[in-house]
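Chains as they are written, first to last, in our numbering: chain A, 29 to 218; chain B, 54 to 552.
Hints in this document: simulated from the structure, not taken from any laboratory. Zero decoy hints are in this set.
Calculated cross-link-like contacts (lysine-lysine; reagent style DSBU-like; alpha-carbon spacing at most 35 angstroms):
1) K92/A - K157/B
2) K106/A - K73/A
3) K186/B - K128/B
4) K204/A - K96/B
5) K96/B - K213/A
6) K128/B - K204/A
7) K218/A - K429/B
8) K313/B - K439/B
9) K106/A - K324/B
10) K218/A - K186/B
11) K218/A - K439/B
12) K152/A - K186/B
13) K218/A - K106/A
14) K300/B - K439/B
15) K39/A - K240/B
16) K157/B - K152/A
17) K439/B - K452/B
18) K186/B - K204/A
19) K324/B - K490/B
20) K218/A - K128/B
21) K422/B - K218/A
22) K429/B - K305/B
23) K106/A - K152/A
24) K429/B - K306/B
25) K213/A - K305/B
26) K92/A - K313/B
27) K92/A - K106/A
28) K128/B - K96/B
Some chain B residues near chain A, calculated using beta-carbon distances under 10 angstroms:
29) A137
30) D138
31) W140
32) I195
33) A207
34) P215
35) A217
36) T218
37) Y239
38) S299
39) H332
40) R445
C-beta: ideal position from N, C-alpha, C; glycine also.
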Amino acid sequence: MDFEIVYPHIKKQSIAMLYVRYIFGLLFMAAAVVCVAVNIILKGKAWSVIVLWSLYMVWTLVLKAPLVERNLISQGVKLLVTTVILLILIDWLIYPGWAAFVVPIVAYGALIVLAVLFFVNVSKQRHNVMPLILLTLLLAVASALALFVFSETRWPMIVLAVTAAVLLIATAFILKTRLISELIKRFHIK
Amino acid sequence: MAKKRLTNEFARYVEQLREPERESVETFFRVLDQHLRLSREWKRQIVRDFENALLWYHWHEVPLSRALELLSPEKLGGFYSRPADDWFPLDAAAKVYPLSMSHKQMAVFRLSLYLDADVVPELLQMALTFTIKRFPFFATTIKNGVFWHYIDAAKRRFPVEPEATVPCADINVSMTGSKSFRVLYYKNRVSCEFFHILTDGTGGMVFLKSLTAEYLRLLGGEVKCEKGVLDIGALPDASESADDFSKYVSGKKSSGFVDKPAMQMGGRLAKVKPCQVIHFDMAAEELHSAAKARGASVTALVTAMMFIACKAAMDRQHGTVHIQVPANMRRYFESKTLRNFSLYANIHLTLEEITTVEEILPRVTEQLKAGLAFEKMQEMMNGAVKLVRSVRLVPLFIKCPVARVVYGFLGDRAFTTTLSNLGVVEVPEGMAEHVRKMDFVLGTVALARAAVSMVTVNGVATLSIAKLTTDPSFEERMRRLFAEMGIQIRISGSELYGF
Numbered sequence: 029m030d031f032e033i034v035y036p037h038i039k040k041q042s043i044a045m046l047y048v049r050y051i052f053g054l055l056f057m058a059a060a061v062v063c064v065a066v067n068i069i070l071k072g073k074a075w076s077v078i079v080l081w082s083l084y085m086v087w088t089l090v091l092k093a094p095l096v097e098r099n100l101i102s103q104g105v106k107l108l109v110t111t112v113i114l115l116i117l118i119d120w121l122i123y124p125g126w127a128a129f130v131v132p133i134v135a136y137g138a139l140i141v142l143a144v145l146f147f148v149n150v151s152k153q154r155h156n157v158m159p160l161i162l163l164t165l166l167l168a169v170a171s172a173l174a175l176f177v178f179s180e181t182r183w184p185m186i187v188l189a190v191t192a193a194v195l196l197i198a199t200a201f202i203l204k205t206r207l208i209s210e211l212i213k214r215f216h217i218k
Numbered sequence: 054m055a056k057k058r059l060t061n062e063f064a065r066y067v068e069q070l071r072e073p074e075r076e077s078v079e080t081f082f083r084v085l086d087q088h089l090r091l092s093r094e095w096k097r098q099i100v101r102d103f104e105n106a107l108l109w110y111h112w113h114e115v116p117l118s119r120a121l122e123l124l125s126p127e128k129l130g131g132f133y134s135r136p137a138d139d140w141f142p143l144d145a146a147a148k149v150y151p152l153s154m155s156h157k158q159m160a161v162f163r164l165s166l167y168l169d170a171d172v173v174p175e176l177l178q179m180a181l182t183f184t185i186k187r188f189p190f191f192a193t194t195i196k197n198g199v200f201w202h203y204i205d206a207a208k209r210r211f212p213v214e215p216e217a218t219v220p221c222a223d224i225n226v227s228m229t230g231s232k233s234f235r236v237l238y239y240k241n242r243v244s245c246e247f248f249h250i251l252t253d254g255t256g257g258m259v260f261l262k263s264l265t266a267e268y269l270r271l272l273g274g275e276v277k278c279e280k281g282v283l284d285i286g287a288l289p290d291a292s293e294s295a296d297d298f299s300k301y302v303s304g305k306k307s308s309g310f311v312d313k314p315a316m317q318m319g320g321r322l323a324k325v326k327p328c329q330v331i332h333f334d335m336a337a338e339e340l341h342s343a344a345k346a347r348g349a350s351v352t353a354l355v356t357a358m359m360f361i362a363c364k365a366a367m368d369r370q371h372g373t374v375h376i377q378v379p380a381n382m383r384r385y386f387e388s389k390t391l392r393n394f395s396l397y398a399n400i401h402l403t404l405e406e407i408t409t410v411e412e413i414l415p416r417v418t419e420q421l422k423a424g425l426a427f428e429k430m431q432e433m434m435n436g437a438v439k440l441v442r443s444v445r446l447v448p449l450f451i452k453c454p455v456a457r458v459v460y461g462f463l464g465d466r467a468f469t470t471t472l473s474n475l476g477v478v479e480v481p482e483g484m485a486e487h488v489r490k491m492d493f494v495l496g497t498v499a500l501a502r503a504a505v506s507m508v509t510v511n512g513v514a515t516l517s518i519a520k521l522t523t524d525p526s527f528e529e530r531m532r533r534l535f536a537e538m539g540i541q542i543r544i545s546g547s548e549l550y551g552f
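Next up, chain A with everything else stripped away, as it sits in the complex (with noise of 0.2 angstroms):
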């Protein structure tokens, strides 16, 4: 059917990162394949899952980003707990009895720099506050319960529960009445 075109040709470039996500899609599912039959096929540890681990950590963090709420307070807090668990999946997997010390510091790192880009700019990053607030409440909480856990690595997990509960105060003090908004907004079921 001929017609006359009344739209702009449209660059190959704008429909590109269709075909990028695809061809990675079956990349990443080939090797997922290839390393779990291999692991099963020579035995021993369990390594096919920290490479399953990290695929989907690629996967997620860069190829299929979230659709609602990608900013870099989401994206550090996602990063932060996909690689709390990598670590702890090493640990357990492949090489034991160092993540109850290195946890506590790599979330420690990774809190202090979130906490920087949420207070160089507040007026901006109030509106992503949330991921930062559950992830401060769940880091201060969990190395709480921790000290009663591992009794002998304890001063990492004591400076993470305090920086988490400092910095929970600190942004609760700062936005005052709109984290009360802020949690209206979060929790409504209308």
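Using the hints provided, position chain B relative to the given structure of chain A.
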């Protein structure tokens, strides 16, 4: 580089003005500054928009006093000077869209208006800057709640853009302050593309008409605020952003949404969505007469034609073709809302029943009448609201994957194609003479190979087909049917974007 050149150009322009004129420009920007309490970047860009518009007026020999009057910062109201604290829960119909969207699928629709001259981007930008404040729930960004998504006010510059992607392309709604709509221009066409969470076709049309009316005013025209053109100087009315589903729901009988899977047209699904858009322009009078001669409405006639075209685009001999026909709930209930307030009827015929337009038209008319009856719509609305309320305490991280799977299995499979007819759009005096035609394009879904939409303005009916396959059988059959009825059509459209 181009931006710097323009700024320098504006500085040179101001320098060559006489002293009183220069003072009036300086006062103008001082007042403008008072109206803008945004981040430095947004503020700089809006100021530059004003400079560009003033330069455009200068180049077109509009007196400075007139230009300053047309661009008066008072038209911004307090919109850009107040912090973004407002928020809106999604209406019952909109809740499904963010739940079911994916990287491949986003419910976007597009309304376009063709003017009698090429669009002036500088003035269209100013028109949007002035218009957006009248539509506060459009100046929003989507956010994740614990139980539901919601839209959060976003104070920023909302840019107009030249068309550079496929029509109804996904809108990036993920960043802080991301917009959920876009305003595009190409030659003499102004287009608005909306993520369906914001509004439906009716609300979108009010926005497009109000924007275009302001654009024509900036060009020096006089456009009355009537026939769906809002007075952008007036304060937004709360009823315009109300969720009227909740308002009119009754606790009586409700109907479900689950329907048997429909037959799908053949043709390989394209990766680019839509892979092509085709418009059939025709004289509304001819189409109306053809429908009247057969004792049917225009929607019924086109639906019947679509059944024939669907059959022509299928290889299978058995099964049922379902056509989804959205219904504007404002026809049934007193409503001023500009948000979603539409449901749909599902019209279906088996392939064996689909013979000729004349033969199936009575059955289509009958089903449309029954499907769009008030009681049926009320039941469907009750069902929608009931469903939403029943899952309101389920956290979003559970709802999202479940909704995606359910929508994938039930939502898209339940219909073969869609016909959304916005009907006859009235435009006010002062605007009508500048409007050549309009078109309305529905974004494609996962499986339905074609989405059909229609709008009529100034005596021109435009039927648009958004394609999801390169197989041309559907549109070719539609063209033949129009020709057989003696309706002259002019076809236009896009290139094939991908396979």
